[in-house]
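K.L.:
Each chain is listed here by its residues.
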Amino acid sequence: MKKKLTLFMLMLLFTLVMAACSAADNAANADKAEETNEAKPTETGSETETATEESDTIKVGILHSLSGTMAISETSVHQAELLAIKEINENGGVLGKQIEPVIEDGASDWPTFAEKANKLLQQDQVATIFGGWTSASRKAMLPVVEENNGLLFYPVQYEGMEASPNIFYTGAAPNQQIVPAVNWLLENKGSSFFLLGSDYVFPRTANAAIKAQLEAEGGELTGEEYTPLGHTDYNTIIAKIKSENPDVIFNTLNGDSNVAFFKQLNDAGISSDDITVLSVSVAEEEIKGIGADVIAGHLTSWNYYQTTDTPENEEFVANYKAEYGEDAVTADPIEAGYFGVYLWAQAVEAAGTTDVDAVREAAKGITFDAPNGTVTIDGDNQHVYKTVRIGEVQSDGLINEVWSSDEPIKPDPYLEEYEWASELSESLE
Amino acid sequence: MISQKLFNNRIIFSVILILLLFAPLFLTDFRLNLLGKFLAFAILAIGLDLLWGYTGVLSLGHGIFFGLGAYAMAMYLKLEATGGQLPDFMAWSGMSELPLIWIPFQYPIVAIALGILIPAAIAFFLGYLTFRNRISGVYFTILSQALVLVLVTLFVGAQNLTGGTSGLTNFKTLFGYSVNSPASQMVFYFITVGVLAIIFISCRILVKGRFGKVLVGIRDGENRMRFLGYNPSTYKTFVYTLSAAIAGIAGMLFVLQVGIISPTMIGIIPSIEMVLWVALGGRGTLIGPVIGAVFVNAAKTGFSESYPEFWTYFLGLMFVLVVVFLPKGITGLFTKWKERRQKQNDTASIEVSKSYSRL
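Those protein sequence lines, which keep their order, are chains X and A. Numbering-wise (the numbering used here), the first sequence opens with residue 2 and increments by one. Numbering-wise (the numbering used here), the second sequence opens with residue 105 and increments by one.
Read the hints as simulated data drawn from the structure, not as lab findings. Mixed in with the good hints there might be a few duds.
Unchecked claim - If the Cβ cut is set under 7 Å, some of the chain X residues that face chain A in the computed set are: (1) L67; (2) I104; (3) D110; (4) W111; (5) P112; (6) A115; (7) N119; (8) K140; (9) A141; (10) P144; (11) P181; (12) V202; (13) R205; (14) T206; (15) G231.
Note that beta-carbon positions come from the ideal geometry of N, C-alpha and C, so glycine has one too.
With the hints as extra help, turn the sequences into a complete structure.
P.N.:
Following this line, the structure appears as C-alpha cells:
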C-alpha cells in the first residue's frame with residue numbers, strides 16, 4: 002500500500018516537472034506559467050527561456066542531424082550556416098537586430114525532424130529554419146512548415162517534383178545537375194549507361210528521369226541497380242558491370258556505400274579510364290572518406306567546388322578554414338547552406354519584417370553573389386538559378402572543373418522544359 | 105485490508121488520470137502533443153511489461169508490432185490525404201494503380217481493426233511455433249530480434265508499397281477533420297489518455313487475478329508450472345499476442361499525433377529502447393513502465409533540446425547510472441526506500457521493547 006503511495010508521489014512529482022518544463026518554454030504565457038514555475042528548474046534549454054525577449058534578436062532554427070548516420074555530412078552544413086549567421090551579425094545583423102540561432106538535432110531520424118521543426122516553429126517561433134539533407138527529412142518537415150506557415154531553407158540537391166510555398170530550395174533541381182550531366186556524358190564519354198543508386202526517393206526519381214532522357218536522346222541503358230542505404234558489398238554488382246561493360250556508370254549512391262563501391266571498383270581493376278563513374282552525391286567532404294587515390298579521375302556534377310574560381314569563393318574558403326581548421330573542405334551543400342542564410346537575410350531586409358508571407362513575396366528575384374557565382378531566387382518555384390559544373394576528382398582530393406554552363410540555369414523542378422519528361426512529371430503530380 | 109488496498113489504488117490511479125486530463129490547461133499545444141506521444145509509448149510499455157516483467161519473456165522485437173499498427177493507420181491517412189489517388193511514392197516507383205494490399209485500408213474501421221489484428225496475428229504465429237517447441241529465454245529473444253530485421257528490410261525494400269526509408273507522411277484529414285489542427289490534436293491526446301487508462305486497468309485486473317499468478321509462476325519456475333498441470337506455452341502465446349496487439353494500438357496513436365512513420369521508428373534500435381523504458385521504470389509493476397516510457401522520452405527530448413551536440417552522451421550516462429545504481433528501475437528506488445523505513449521502524453520497535461524489558 003505504501004508502495005502505491007510512493008508511486009503516486011513519483012508520478013505527481015513528474016507531472017510537476019513536465020508542467021514546469023512547459024512553463025519555462027512558454028514564458029509568453031507568464032500568467033499561466035507562474036503557478037507551476039516554482040516546481041523545479043527544467044531540462045529544457047536555456048535558449049527557450051528567452052522566448053519573449055525578442056526585441057533585439059531574430060531567432061532562426063538550424064535543424065540538421067548532429068548524431069546518427071547522416072551526421073558526417075550534415076554537421077558541416079550546420080557549421081556553414083552558423084558561419085553565415087556570424088558574418089551577418091558582425092555586419093550589423095538583419096533589420097538592425099542580431100540573428101540568434103536555435104540549434105536542434107534531427108538525429109538522422111525523420112520523425113525527429115518533424116518533431117523538432119514543430120518545436121522550432123511553435124515554441125521558439127523562429128523566423129525560418131535552415132535544415133535537412135535527405136529527401137526523407139525534407140518530406141517529414143514539409144507538412145509541419147506548411148501547417149504552421151513557417152519557412153524552410155533546404156540546402157541539398159534533390160530529385161525535384163516538389164515546390165512547396167513554404168520551402169526555399171537552395172540546392173540544385175534535377176535540370177541544374179542531372180540533366181546537363183547526362184547531356185555532357187552523351188557528348189563526351191559514350192552512350193551506354195549503367196545506373197547505380199541507393200534505394201530511396203532521390204535515386205529512384207532521378208533514374209526515372211535519366212531513363213526517359215536516354216530514350217529520347219539515343220542513349221542505351223545497360224543496367225539499373227539499387228542497394229539499401231548503408232549497403233557495403235558491391236562485388237556482385239561490379240561483376241555485372243564488368244560483363245555489361247558500359248561507357249559510363251551514373252552513380253546516385255548515398256553515404257557510406259560510396260566508400261565501399263569505389264574501393265571495390267578499384268580493387269576489381271576498373272579505373273576511370275576503363276569506365277567513368279559520374280556521381281551526384283559525392284563532394285569534397287565525401288572524397289575525404291573514400292580516399293582520393295581510389296576515386297581520382299572519376300567525375301562529379303555539382304554547382305560549386307572548393308576550387309571554383311570567384312573572389313567570393315576565395316574569401317569563403319579562407320573564412321571557413323579559419324573557423325573550422327585547415328583540414329576542413331567546402332562542398333556544394335555546404336555552400337548552398339551558407340548562401341541560403343544570406344538569401345533569407347536579404348529577403349527579410351527587402352520585406353522589412355520577418356513575417357513569412359511578406360518574406361516570401363520579397364524573396365522573388367533576390368540575387369546574391371555566392372561563392373559559386375550569382376544566384377537568384379526564382380519566384381515561380383522558390384528554387385535558385387545556379388551554374389552547372391562538371392568536375393574531375395584530383396589526386397589531392399579536390400575537384401577540378403572540366404565544364405560549366407555559360408550562365409546560371411533557371412531551375413525547373415518538374416522538368417517542364419523537356420518533352421521527354423512530360424509523362425514523368427504528369428504521373429508524379 | 106483488501107478493500108482498503110483497492111480503495112487506495114483507485115485513488116492513486118484517479119489522481120494520475122485527473123492530472124493527465126488537466127494537462128492541456130498548463131501545457132502548450134506542442135508540449136501536449138509530445139506528452140501524447142510519450143503516453144502512446146507508455147501504452148506499448150504496459151504490454152511489454154506484461155510479457156517481460158510478469159511472464160519473463162524478453163522480446164527485442166516490439167518495434168515491429170508498433171510499426172505494423174502505425175503503418176496501418178498511416179496507410180488509411182495517406183489514402184484519405186490523396187483522395188483515393190495513387191500516393192506520390194507509388195508513382196515514382198512505377199506503379200499505375202493501387203496495389204491489392206492497400207485496398208482494405210481505404211476504410212477507417214478496417215484499417216484500425218487491421219492495425220490491431222495484423223500485429224496480433226504475427227505474434228500469435230511466431231509465439232505458437234516457438235513456445236510450443238519450448239524455445240525460450242535468450243533463443244526467443246534472438247528470434248524476436250530477427251523478426252525485426254526481416255520485416256524492416258522488407259519495409260525498406262518494398263518501396264513501392266511502403267514508401268521505403270522515407271516512410272509515410274503528409275497526412276491531411278481523418279474522418280474529414282484536419283489531422284494537424286490543435287483541436288484534433290487535443291482530441292487525439294484525450295483518446296490516448298483514455299486508451300492508456302483502459303489498457304492499464306485491464307492489465308492490472310489481469311495480473312492481480314489467478315491469471316497473473318500463473319504468469320509469475322511461469323516466469324519463476326516454468327517446469328514447476330508444467331508439472332502442476334498448466335501449459336506455459338498457451339499462456340506465453342496469449343500474452344505475446346496480447347502485448348503485440350497493445351503495441352499496434354500504441355503505433356496507431358503515435359501516427360495520429362506525430363504525423364509520420366518511417367522504418368527508423370520500428371527497427372532494432374527503437375525496439376531495444378522500448379525494453380529500456382520498461383527496465384528503467386521498473387519491470388513487473390505495470391506503473392513502472394508507464395513512468396519509464398514518459399521519463400526516458402521526456403529526458404531524450406529535454407537533453408536534445410538543451411544540448412543538441414552532446415545529448416546522446418547524457419542519455420547514455422543516464423542509462424548506465426540507472427542500470428548500475430537502480431537495477432530495479434525508478435520504482436525499485438521507492439521500494440528500497442520503503443523497506444529501509446520499515447527496517448528503521450522495526451529496529452525502533454525492538455529498542456522500545458528492550459527499554460520496556462529494562463524496566
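K.L.:
Next step is simple, just say for each hint if it's right about the structure.
P.N.:
Checked hints:
1. L67: 6 Å, holds
2. I104: I104(X) check passes; min Cβ-Cβ to chain A is 5 Å, inside 7 Å.
3. D110: Nearest chain A Cβ about 5 Å off; hint holds.
4. W111: With Cβ-Cβ at 5 Å, under 7 Å, it holds.
5. P112: 5 Å, holds
6. A115: At 5 Å from the nearest chain A Cβ, A115(X) passes the 7 Å test, so the hint holds.
7. N119: Holds - the Cβ of N119(X) comes within 7 Å of chain A, reaching about 6 Å at its closest.
8. K140: 6 Å, holds
9. A141: 5 Å, holds
10. P144: 5 Å, holds
11. P181: Violated, because the Cβ-Cβ distance from P181(X) to chain A comes to roughly 21 Å (cut-off 7 Å).
12. V202: At 6 Å from the nearest chain A Cβ, V202(X) passes the 7 Å test, so the hint holds.
13. R205: With a minimum Cβ separation of about 6 Å from chain A (threshold 7 Å), the hint on R205(X) holds.
14. T206: 5 Å, holds
15. G231: Interface hint status for G231(X): violated (10 Å vs cutoff 7 Å).
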